[in-house]
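Starting from the structure of chain Z, add chain V where the hints point.
2 protein chains.
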Amino acid sequence: MSWVLIGVAGAAGAVARLLVGAWIDGRPGGRAFPWGTFAVNIAGSLLLGLLTGLVVGRGWLAPEVKVVLGAGFLGAFTTFSTWLLDLHEALRRGDHRAAFVNAALSTGLGLLAAWLGLALGWGR
Amino acid sequence: MSWVLIGVAGAAGAVARLLVGAWIDGRPGGRAFPWGTFAVNIAGSLLLGLLTGLVVGRGWLAPEVKVVLGAGFLGAFTTFSTWLLDLHEALRRGDHRAAFVNAALSTGLGLLAAWLGLALGWGR
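Residue numbers (UniProt numbering), protein chains in the order written: chain Z, 1 to 124; chain V, 1 to 124.
So here's chain Z without its partners, still in its complex pose (with noise of 0.2 Å):
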């Protein structure tokens, strides 16, 4: 396993988030969710389950490709420390609303996306 490789992708995924975070941010109602981070947590659940579907399920990808790709640059791409701290800035203000529709949304959609794409990757 090399420790660069998995720098490098990791170097990747957190560019790619912000980037698309900020171009999510950035159009029209952008900024009344935190839809940047939201979108970026479950695209990245699917294509995690994705790629474990077919490494673990169809074996057409090394294990060393699941590391790289899976904890290196999807493990950066997503993000929990923005999320938990979008969830306490929505529950200061007040907002408790915003605050269990995300927690509730970001859990049960990035489950069914996990789900969805261990489904596809797996082929069953």
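These aren't lab readings, by the way, just hints derived from the structure by calculation.
Each hint should be verified, as a subset may be incorrect.
The list makes no distinction among identical chains, and a pair is therefore deemed to hold if it is satisfied within one copy or across any two copies.
[What the hints assert, rightly or not] Straight-line alpha carbon distances no greater than 20 Å define the calculated EDC-like cross-link-like pairs of lysine to aspartate or glutamate that follow:
| hint | residue 1 | residue 2 |
| --- | --- | --- |
| 1 | K66 | D95 |
| 2 | K66 | D25 |
| 3 | K66 | E89 |
Using the frame of chain Z, we list chain V on its own:
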């Protein structure tokens, strides 16, 4: 804002996540629950709260530091996709209790950690 610095921070965050995760999972009983991902996510939420407090609250650090260390390093150090796949895996094997405990504990303690970090950083 330097994309090179963000990339370097993202690389360091991803590698640090894997090193800390592997160290924790290697401890006795470490594999019974995904403690590695849990630990980096809670620690990252605490540190992002602390950093946000120091930058936004006290103004001790420049906003660029928050982008590089917060979005770059801590964004890559914490991960949403692996956490979601862990939840999915627990549900798939029928261990609903582990999935619920992981979801509730990660979100609840993460919020507490973010609040504590913000309180410490902001100094109020």
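Quick rundown of the hints versus the structure:
| no. | hint | verdict |
| --- | --- | --- |
| 1 | K66 to D95 | neither (38 Å within a copy, 24 Å between copies) |
| 2 | K66 to D25 | between (30 Å within a copy, 18 Å between copies) |
| 3 | K66 to E89 | between (34 Å within a copy, 16 Å between copies) |
Checked against the numbered hints given earlier, this structure breaks only hint 1.
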